[in-house]
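**Student:** Below are the chains, spelled out letter by letter.
There are 2 protein chains.
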Amino acid sequence: MPTIGDQHIVRSFDEELKRLHDALARMGGLTEQQLKGAIEALEHRDSDLATRIMNDDVRVDDCESFVNEQTVRLLALRAPVADDLRAVIATLKAAGDLERIADHAANAAKRSLVLNQMPPVAPMRSLVRMGRLVQALLAEVLDAYLTHDAEKALAVRSRDQEVDDLYSSLFREILTYMMEDPRTITAGTHLMFIAKNIERIGDHATNIAEMTYFLVTGRKLNDQRPKRDTSALEGAEQE
Amino acid sequence: MPTIGDQHIVRSFDEELKRLHDALARMGGLTEQQLKGAIEALEHRDSDLATRIMNDDVRVDDCESFVNEQTVRLLALRAPVADDLRAVIATLKAAGDLERIADHAANAAKRSLVLNQMPPVAPMRSLVRMGRLVQALLAEVLDAYLTHDAEKALAVRSRDQEVDDLYSSLFREILTYMMEDPRTITAGTHLMFIAKNIERIGDHATNIAEMTYFLVTGRKLNDQRPKRDTSALEGAEQE
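Line by line, the protein sequences give chains A and B.
The first sequence begins at 1 in the UniProt record's numbering and counts up one residue at a time.
The second sequence begins at 1 in the UniProt record's numbering and counts up one residue at a time.
So that you can see chain A by itself, here it is in the shape it has in the complex (with noise of 0.2 Å):
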């Protein structure tokens, strides 16, 4: 076993990999709290919190920091394989999934900043029904990853396409509410952006579910996501 710039290896191999599983749950339960923060900050038009949910995204990005430099060593020092090498390599994935989803919540609670300097619109609701549920899926696919379940995996990664469908109606509803009251133009364009990083969290979710399903199976999902992100497309079905 090679100790070349660290004296410490005295942990196992399977203790390194506990401390690097509990990063990982932390690091979950930071990134769920930012999305939930972020999601009522919109609701009750929160600046305070919003900004709390800004700041805070540092937090997570430590957590990810710790996580890669923890994988990178495990897999110099360590140079694991089968089992070991996927549990290392699905950590490394999820946290990078889990930090794209905390910056992503931290976008939407920087727009929400300048929602809150204007009238309130009433898609709003809809983009919070749609972040509730992104963050139920995230809870899901959190648990289903830290118990290795790849049952719930697969079927948090089934209900991916209820967080298009609800963005679909969503971004029509946006769109028609500009184009009744230009004068919505400008809060419209921040719900559509918020609208998209809510989606996309609900893409690095599904991403967890598939690693998931990797962890526990050893197999990759190779079929097509039940999915297809249509999104782009919404404006041309607009016509």
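Treat the hints with care, as some may be off.
Any copy, or any two copies together, can satisfy a pair, since identical chains are not distinguished.
[What the hints assert, rightly or not] DMTMM-like, lysine to aspartate or glutamate: derived pairs with alpha carbons at most 20 Å apart:
#1 K93 to E69
#2 K36 to D143
#3 K196 to D103
#4 K93 to D61
#5 K220 to D62
#6 K93 to D103
#7 K93 to D62
#8 K220 to E151
#9 K93 to D46
#10 K36 to D48
#11 K36 to E180
These are computed hints drawn from the structure, not numbers from a lab.
No experiment lies behind these values; they were computed from the predicted model shown.
Following the hints, put chain B in place on chain A, whose structure we already have.
**Tutor:** For chain B alone, kept in the frame of chain A given last:
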């Protein structure tokens, strides 16, 4: 040196690293082509080209998978340290950024298909100009990365502010355009999402610039980026 699971360890570490470098160079070239094609498809309303760009995104994904697999293999089997470890990690990160860049280019191409079904809109000219700037920055940063030119990388990084300024002015231009003629709202929202794609490509080019600096000098750029993203606040400035 462990050889478990691999019967072909005859190459030297330097040869392996060279292979990884070449794979990244090829991935960089493909990604540049994808971005160039996406911008041309927008400018010339060329739906055939846009479709080709969307379909070819998988080639960039394949490159990233190859780089990822090779990186994990190198880390696990060769346990590199110091400069070698840095080179492997830098390649992994740069490949991730290139994959995201190609993804944004494919998204832009997808939206151009929708725009081609609508009458042309004036702000497209500014969008294409912004696209060309980002295209130039990507070419520069790839050159800096592949030739290990830290100075050139810093120069690219400092120019990301130009992209953000163009994005801000474009965002205002599109908003004004939509407000003056609400029939352009649908096209305008697609332009905004494409502008966001291009702005994000600029961010990823900046990431590669920072990674290049780290690769060459061993030091991280820990000062703040020359700019902060204020795009979400454009709407507020607009009010």
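**Student:** Against each hint, give a clear statement of whether it holds in the structure.
**Tutor:** These are the hints, each one checked on the structure:
1. Taking the closest pair of Cα atoms, K93 and E69 come within 20 Å of each other both inside a single copy (13 Å) and across two copies (13 Å).
2. Taking the shortest Cα distances, K36 and D143 sit within 20 Å of each other inside one copy (16 Å), while across copies they are farther apart (42 Å).
3. Within a single copy, K196 and D103 get their C-alpha atoms as close as 13 Å, and across copies as close as 15 Å, so both meet the 20 Å cut-off.
4. Taking the shortest Cα distances, K93 and D61 sit within 20 Å of each other both inside one copy (14 Å) and across copies (15 Å).
5. Proximity of K220 and D62 under a CA criterion of 20 Å is satisfied inter-copy only: 15 Å between copies versus 29 Å inside one chain copy.
6. Taking the closest pair of Cα atoms, K93 and D103 come within 20 Å of each other both inside a single copy (15 Å) and across two copies (18 Å).
7. In this assembly of identical chains, K93 and D62 lie within 20 Å of each other by CA distance both inside one copy and across copies; the values are 15 Å within and 17 Å between.
8. Taking the closest pair of Cα atoms, K220 and E151 come within 20 Å of each other only inside a single copy of the chain (14 Å); across copies the shortest separation is 42 Å, beyond that limit.
9. Taking CA atoms no more than 20 Å apart as the test, K93 paired with D46 passes in neither setting, with 33 Å inside one copy and 36 Å between copies.
10. In this assembly of identical chains, the alpha carbons of K36 and D48 lie at most 20 Å apart only when taken from the same copy (14 Å versus 42 Å across copies).
11. In this assembly of identical chains, K36 and E180 lie within 20 Å of each other by CA distance neither inside one copy nor across copies; the values are 31 Å within and 37 Å between.
Violated hints, in rising order: 9 and 11; the structure is consistent with all others.
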